[in-house]
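Listed in order, the protein sequences are those of chains R and V.
Quick note, the first sequence lines up with residues -1 to 311 if you use our numbering.
Quick note, the second sequence lines up with residues 10 to 377 if you use our numbering.
FYI, nobody ran anything at the bench for these hints, they're computed from the structure.
Hints may contain errors.
Subject to a maximum C-alpha distance of 20 Å in a straight line, what follows is the list of computed EDC-like cross-link-like pairs (lysine to aspartate or glutamate) [as the list claims (entries may be wrong)]: (1) V:368 to R:97; (2) V:363 to R:287; (3) V:298 to V:66; (4) V:308 to R:97; (5) V:363 to V:188; (6) R:79 to V:124; (7) V:368 to R:287; (8) R:247 to R:230; (9) V:368 to R:94.
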Amino acid sequence: MNVSTRFLINRLGKQCAFNRIVTYSTKSTEHAAANAVETEKEPKIKETTASTASEASIPIRKPVIPANYRFIYPEFLPDPKIEWRNPIREKLERMDMLDRRRQIDLPEFYVGSIMAVTSSDPHAEGKVSRFVGICIHRDRCGLRARFILRNVIDHQGIEVIYELYDPTIQKVEVLRLEKRLDDSLFYLRDALPEYSTFDENMEAEQLEEGAPVPVNDIKVVLRPRPWLERWERQNLRGVANIDQYLKDKHRQSARRVQKPWEKYDLMKQYRATIPEEEQNEIFAEVYAELHAQELQRKRNKRKRTFVKPKQLA
Amino acid sequence: MLGGVVFKLRDLGLMKLTGSMVIHVRGKGHLNRPRIRNPHWFLRKKLSNIGELTTSDNKVFINQLVRENYNEADVSNNLKVYEQNLMKTEASISSPSIVISQNRRCGTIARKIGEYPLWLNNGEKIRTTLLQIIDNHIISYIPPEKYSPAHYPNVKNVNKFGCLLVGAGTINPTWLTKEYCGIFHESRVMPKKMLARFLVSPEAALHPGTALNVAHYRVGEFVDVRGKTIDYGFQGVVKRFGFKGMPASHGVTKTHRRVGNIGGGGEKGRVWPGTKMPGRMGSRWRINKGLQVLRTYLKYNVMWVQGSAVPGPTGGIVYLYDTILPHRKKKISSIASLSYENIDKVTDDIWSEKLHRFKDIRMTHKNE
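This is chain R alone, in the form it adopts within the complex (with noise of 0.2 Å):
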């Protein structure tokens, strides 16, 4: 039993060893994974623990801020840049965030959720309007936090950009919350329409209580050439039919172009990262206001009466 107990806690240190993660990835088919394994073996992990604790008497502190936070509010971890890191103002930025927060519900999304926001606009007909369409690109960190929503009306595809902390942002409600297999889907605007085509009246779709994310592992059909961008240099892994429409030479372009040893440049992974360490004493921070508005969500929800969901895009 004791090398068994070994061999996991050594697992769960290499585990354990990969500490920084991207702030914006939302990979979410390689933390599923992982969150899987982790949820697996907790149990296991609880039992040894608790038997070496009881052998050694050490107390275990359990972690309290949950390690998806980063995921669910990214927006809350400041700009890496150095130059640009203040203590007092991001401080200041949180208290602000939380302002807003007491009085809108943000709820929690990702790249690939379905959204419906519903804002106040001095153009509109009686001076509010609803946007339905799919979280596109999820960026930029503090009260400056945006995502983009796309869907096709009439034909014509159309985006908006949404300050997740505009006062006049009324209503934002998630619809359908999945994630995709990228980390943002700007080649939706060269895909087929009917990948960024959302039904106006679609009704929100309930997730069970507790249940992960569940991931969409839909691949998107493009369009030919001309695209946008380079989708062929950007490893998509969303993208079905990519290699349809690359001659040699794009290929060769693509493979040239390519950096696979920036995955082992800790240094620039480093910069680039708030290290876990800060992100542990920023959500600490604001957790207990975070956590009061997440138990308060799950109660409206409960007291919603259980409409079965239609299947409409």
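Take the given structure of chain R and dock chain V to it, following the hints.
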């Protein structure tokens, strides 16, 4: 040499003997040679060897001594009532409630700590810069009659203004020279990292030791911000002045980002002064005038100022003045408005009325 000898003779009282002597003066250069008269606070600041020769016991002793000496004065956020610290100068006694649109108040030293957006009540997004007033104290006051700098600043009626010396950012006094620490003797505050002088009207003079914080500025007022711009080093003409450069192809060789022509021929056949050419970019003192104070937060001594063009990098030091722009200046304000009541902890976050607070309910555009 000869002059020196003469002076020595005069000193000895032997001038009589040299009465008939002729002193040759070769040129008048020595008469109008500029005399360097630095302000009295321009002193060597840091010790050359900081504690290299002190033992650990001595270090403990020194630190203890420092703590004893500067115990009460080392309070960065002390909220003294501003009015009490106004100096009783002759001017203020003779005219206690004159309109002070002509008066100059003290400025402050601040640090640019970043920028982020705020929203107006009409839904418009604006960019704001956060300025933190770092531990400002009045160090000394020089009245107008005694203030005679070597180089007068380019200010109207400069002889009417006194000079307030303001320090910011506390530093460990054991690192500093004795004479630099002596500057702070009068005000009894901890020695400061940065010093700045501000011209003030005698009515607005403050007692040494007064702390200045963000309550010095009211929300809605306008300030001028002076700072040193970001240093970009030696840059070409495309980056420095936004020249277009030349095409990348079509037969262009070796002159894609170059200046091109710098002048004509004939009578004007020379490089005219002021021609834009490559050179050092940035690192110049610039004043951004007339920025509105939109929000102040007393607890952290931070103010939000409209715009994102405050000179200098994040973390850089800037100097704040009441604006000199005639239309944005405070029109009618008496000396009494210089005083600031103690502000409660509850209301230490003050917003401009035109801003939408994040605590307010979400904003809607109403039907008209």
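Results for each hint:
no. : hint           : verdict
1   : V:368 to R:97  : 5 Å, holds
2   : V:363 to R:287 : 28 Å, violated
3   : V:298 to V:66  : 52 Å, violated
4   : V:308 to R:97  : 17 Å, holds
5   : V:363 to V:188 : 49 Å, violated
6   : R:79 to V:124  : 14 Å, holds
7   : V:368 to R:287 : 14 Å, holds
8   : R:247 to R:230 : 11 Å, holds
9   : V:368 to R:94  : 8 Å, holds
In this structure, the earlier hints numbered 2, 3 and 5 are contradicted, and the remaining ones agree with it.
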